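Asker: Quick note, the sequences are listed as chains A and B, same order. Each residue of the first sequence is one higher than the one before, starting from 73 at the first, in my numbering. Each residue of the second sequence is one higher than the one before, starting from 42 at the first, in my numbering.
It is worth saying that the hints were derived from the structure and are not from the lab. Check the hints yourself; a few may be wrong.
Said to hold, decoys possible - Partner residues are not named here, just some residues of chain B that face chain A (Cβ under 8 Å, in silico):
1. A175
2. E258
3. V263
To be verified - The calculated DMTMM-like cross-link candidates involving lysine to aspartate or glutamate, where the alpha carbons are at most 25 Å apart (straight line), are:
4. K335/B to E416/B
5. K125/A to D194/A
6. K125/A to E184/B
7. K231/B to D150/B
8. K125/A to E396/A
9. K125/A to E418/A
10. K231/B to D188/B
11. K231/B to E410/A
12. K125/A to E469/B
13. K125/A to E432/A
14. K125/A to D402/A
15. K125/A to D286/B
Note that the structure is a prediction, hence the values are computed from the model and not measured. Ideal placement from N, C-alpha and C gives every residue a C-beta, glycine not left out.
Next come the chains, spelled out residue by residue.
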Amino acid sequence: MRIRSVVTMCLVIGLSTIAVLSSFAGGAGEAATPDAPVEIRIMGYGGQDPAIKARLLDEVIGDRLSEQGIVVTYEPLEGDYNAALFNALSAGTAADIIYIPVETAPGIIDTGVVANLNELTDISPFIASLNESYTFNGNTYGIAKDFNTLAMFYNRDLFDEAGVDYPDENTTWEDLDEMIRAIAAIGDDVYGAAFPASFDRFGAFAFAAGWDMFDDDGHSDLTDPAMQEAVEWYTGLVRDGVAVQPSDLGQGWGGGAFATERVGIAFEGAWMLGFLRNEAPNLEFGTAMMPIGPSGERGNFVYTVAYGINSQTRNLEQAIAVLEALTSVDAQQFVLEEGLAIPSREAMSENEYFERGSSESDANRVVFEGAESGRVFGFQFGAVGTDWMTPINAALSEVMTGEASVEQALATAQQDLNELLAR
Amino acid sequence: MLFLKTDENGNPAGTTTEDSNITFWRAKRRWARVGIVYLVMLVFAVLFVGPLLFAAFSSLKINPLEYPPSLRIAELNPVNWVTAARLGNSGSGNYWSGGFAPGGDIPFDIQYFIPDGVEQQTPEIQVPRRRPGAGLGAVRAIEFAADHAEIHDLRVSDTEIGRHEVEDVERAGRFVTWSFRITYAGDGPKIDRVPVDILAAPQHYYISSTLPASRLERRGRVVSFVDIAPGIGRYVFRNYARLFDEARSVTTGQPLFFAWTRNSFFVSVVRVFTNLLFASMAGYALARYHFRGKFLVFLVLLFSQMVPAQVTFISNYLLLRDGLFGLSNLFGRTSLLNSLWGVIIAGAGSGAAMIEAGKVFIMKQFFETISRDVEEAALIDGANQWQRYSRVVLPIARPALGAVAILTFQGAWNEFFWPFIVLTSPEEVKTLPIGLMSFRQTYGAAGDWGLILSGAILSAIPVIILFVVFQKYFIHGVSFGGSKG
Chain A
73 MRIRSVVTMC
83 LVIGLSTIAV
93 LSSFAGGAGE
103 AATPDAPVEI
113 RIMGYGGQDP
123 AIKARLLDEV
133 IGDRLSEQGI
143 VVTYEPLEGD
153 YNAALFNALS
163 AGTAADIIYI
173 PVETAPGIID
183 TGVVANLNEL
193 TDISPFIASL
203 NESYTFNGNT
213 YGIAKDFNTL
223 AMFYNRDLFD
233 EAGVDYPDEN
243 TTWEDLDEMI
253 RAIAAIGDDV
263 YGAAFPASFD
273 RFGAFAFAAG
283 WDMFDDDGHS
293 DLTDPAMQEA
303 VEWYTGLVRD
313 GVAVQPSDLG
323 QGWGGGAFAT
333 ERVGIAFEGA
343 WMLGFLRNEA
353 PNLEFGTAMM
363 PIGPSGERGN
373 FVYTVAYGIN
383 SQTRNLEQAI
393 AVLEALTSVD
403 AQQFVLEEGL
413 AIPSREAMSE
423 NEYFERGSSE
433 SDANRVVFEG
443 AESGRVFGFQ
453 FGAVGTDWMT
463 PINAALSEVM
473 TGEASVEQAL
483 ATAQQDLNEL
493 LAR
Chain B
42 MLFLKTDENG
52 NPAGTTTEDS
62 NITFWRAKRR
72 WARVGIVYLV
82 MLVFAVLFVG
92 PLLFAAFSSL
102 KINPLEYPPS
112 LRIAELNPVN
122 WVTAARLGNS
132 GSGNYWSGGF
142 APGGDIPFDI
152 QYFIPDGVEQ
162 QTPEIQVPRR
172 RPGAGLGAVR
182 AIEFAADHAE
192 IHDLRVSDTE
202 IGRHEVEDVE
212 RAGRFVTWSF
222 RITYAGDGPK
232 IDRVPVDILA
242 APQHYYISST
252 LPASRLERRG
262 RVVSFVDIAP
272 GIGRYVFRNY
282 ARLFDEARSV
292 TTGQPLFFAW
302 TRNSFFVSVV
312 RVFTNLLFAS
322 MAGYALARYH
332 FRGKFLVFLV
342 LLFSQMVPAQ
352 VTFISNYLLL
362 RDGLFGLSNL
372 FGRTSLLNSL
382 WGVIIAGAGS
392 GAAMIEAGKV
402 FIMKQFFETI
412 SRDVEEAALI
422 DGANQWQRYS
432 RVVLPIARPA
442 LGAVAILTFQ
452 GAWNEFFWPF
462 IVLTSPEEVK
472 TLPIGLMSFR
482 QTYGAAGDWG
492 LILSGAILSA
502 IPVIILFVVF
512 QKYFIHGVSF
522 GGSKG
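Same shape as in the complex, but just chain A (with noise of 0.2 Å):
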């Protein structure tokens, strides 16, 4: 009985003290004066993002948020950003502004989690397409960050060796294909192009043949003529040994192959100037467009991510100024001329850093106008996210390594994407 009466009394004392602080533990959420900092957080990717926040905050917006008594706190999430995203939003623990990833955008958006900003802020002066990745039956939940699109980056010296001219904006697929063989007729070790099998890369030839990802009731033909053509064209130069998968030459990207100087020509956006800074610094390189398709335009996507708001922020009315800030056209000026990203602003490309001359301004110059610029579409999927790529991945694969044609490797495709669109 003595054991008893103890357990219970254990019992009453911990559960009463649990309610005492639990109530307290309410009051001390709220107990911020008027005249307390607000604290706005933002979640983002890692990387190097942190470091670029921090230096955005010291020198050009940080006075004017302290001014209006905003504190600003940036917290990167590590590992797979869309995975950690989705468990703070769903634990309650989400930042006020958090980064949308334009390839997940429709499946957080969906869920209601980001704030309407059309009467909130004013969207006009970004670029157009970049809104319409975010855009919704009218409404605008996020605001691009910054932004990047494919380009073609040459190696000079190969093509000097090669004796070809360089490409420029009116380059076509026939252009390209004689430029090419003749780099991969230089040496054994030498190919044309680096041409990994991924549908990241290969969209932007398909959306140049004229293709299309979804029709209207939201299928994806994988048998159109125009896909067809692209596959044939795109796989057909792998197979004759004058362009290479990057995995062939033991590289993961097409940046990897075309830092090893053995590729002539990589497509890829403004995210691989750093990464040639620091494996090929003395790497010679240009940059032109996307070369001109049979369908008399040129392709591409926009690779994006936009500020979006969480519509259960307690503070909308700061947060919005944050996010007023972080796009200011002085913020964009200071991450575009430091090197740092591409800006999302359409006035931007008046910037007199465009005109530098430099290999790294003359490419970020490219991609800036590759968004506006032939066929351009966000690198977005609809629900189902980048899953979508998957089955026209296995089929360039497939079809590369010579283990089905064409034919045979998009029909495969078209059963999988089926399945997969019918889920």
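Here the structure of chain A is known, so what remains is to put chain B in place on it, guided by the hints.
Answerer: Just chain B, lined up with the frame of chain A:
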């Protein structure tokens, strides 16, 4: 061993030739067996330690991803150590860490082979403005050697007639050596490194230089050096030095690696102490006391070991988010997320927390092997319960405590999943494994694996030391617990 007495025929003393044949045959068998055992152990050793050693060697290279991989590493050549020390001294008066300071005057030579019939052209020397391509180094404002360096006395210092194999064909020609000096003009800050690029005309084939080239670019025309005044330390341990120079906190400017190591030690040491205390007390109670529900408690203990971490982590996360029902308010925190105490208190699953079921099990099993007579003797001498536990049983249980301590330390040091969930920001709050993962994203994305490798090697060292020093306890741990650590 095999030193047998032999007679004048060379046979073992006191044996006939026939006997000696059998003995010889037996000895042969024995040695063959020993040979096989050693061979197998050698294969295992290479298999298990090989990758770590390879990573350790690669972490010294400028390009750890070098393909095909090679173990001929310039950084391990003593001749280069001497040169690096000399160059470091001429750059900044420091043999160990080198650099470029006012008054620095670095002499350098480079030799090319020029085939007959090719016009000899002086190469262009340049000190480039080069910043890291990734991470904080790419963003932070830094001083460039290029702003202070002057190149002097570029001249041919030696010409030698000879033959050299070029693209699989041996050709006649001459070996030409150019010499130059790089000096620090005027006054200014000390700069960490002096990168140099040397551009030669086509068909000038690079042979050698004072320090070996870091890389050849533009199809052999550019010979590039990441630092020509490294000093011996920075030459051999370049990636390790970068780990502390470049990877710094954006807010405090302190090297992140220190903070992460400190955090990992804190978590591991606190967990070792809590586990030693609680697991031994719980194990003792389960082994010695008779109380109602004892079997049930034991069952729950076993059951908690069987629940995977992924099942409990969400509830544990929510618990920490609300600061253990608000208890954390006593310590001035509304939430235990992003706090080391959060990692220590709750754990995902049974393998990582203040008290772990597996450790209780180890202690219980050990206490059961200790004879009751010992305690009864102490009881007769007038020892109370606490004294019997702390003065009598615990000292006997030292091997088991040792096993618990190292298994816990090793588990906590290497733990990934739970800290990954709890510690997200700021950077300084992370533990080593989580921090290294953020390196992967920051530097790996830009192909810069040197930093990650050197960080990984450094983070493995404490566990390696622990293992070497306490290896016999590891064996104990396995035999007590019968399973996992």
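Asker: A separate judgement is required for each hint: does it hold in the structure or not?
Answerer: Here is what the structure says about each hint:
Interface hint status for A175/B: upheld, as the beta-carbon distance to the closest one in chain A is roughly 6 Å, under 8 Å. Proximity of E258/B to chain A holds as hinted, the smallest CB-CB distance being about 4 Å (cut-off 8 Å). Contact between V263/B and chain A, as hinted, is supported at the beta carbon level, the nearest pair being about 4 Å apart and thus within 8 Å. Restraint check for K335/B and E416/B: the C-alpha separation of about 21 Å stays at or below 25 Å, so the hint holds.
Between K125/A and D194/A the CA atoms are separated by roughly 22 Å; this keeps the pair inside 25 Å, and the hint holds. At roughly 21 Å between alpha-carbon atoms, K125/A and E184/B fall within 25 Å of each other, so this suggested pair holds. With a C-alpha separation of about 24 Å, the suggested pair K231/B and D150/B falls inside the 25 Å cut-off, and the hint holds. Annotation: proposed proximity of K125/A to E396/A holds, straight-line Cα distance about 14 Å (limit 25 Å).
Between K125/A and E418/A, the direct Cα distance comes to roughly 22 Å. Compliance with the 25 Å bound is thereby established for this hinted pair. With a C-alpha separation of about 12 Å, the suggested pair K231/B and D188/B falls inside the 25 Å cut-off, and the hint holds. Restraint check for K231/B and E410/A: satisfied, since their Cα atoms lie roughly 24 Å apart, inside the 25 Å limit. As the CA atoms of K125/A and E469/B are separated by approximately 16 Å, the hinted pair is consistent with the 25 Å bound.
With a C-alpha separation of about 22 Å, the suggested pairing of K125/A with E432/A holds against the 25 Å cut-off. Among the hinted pairs, K125/A with D402/A is consistent with the structure: their alpha-carbon atoms are about 14 Å apart, no more than 25 Å. Distance hint between K125/A and D286/B is fulfilled; the C-alpha atoms sit about 20 Å from each other, no more than 25 Å.
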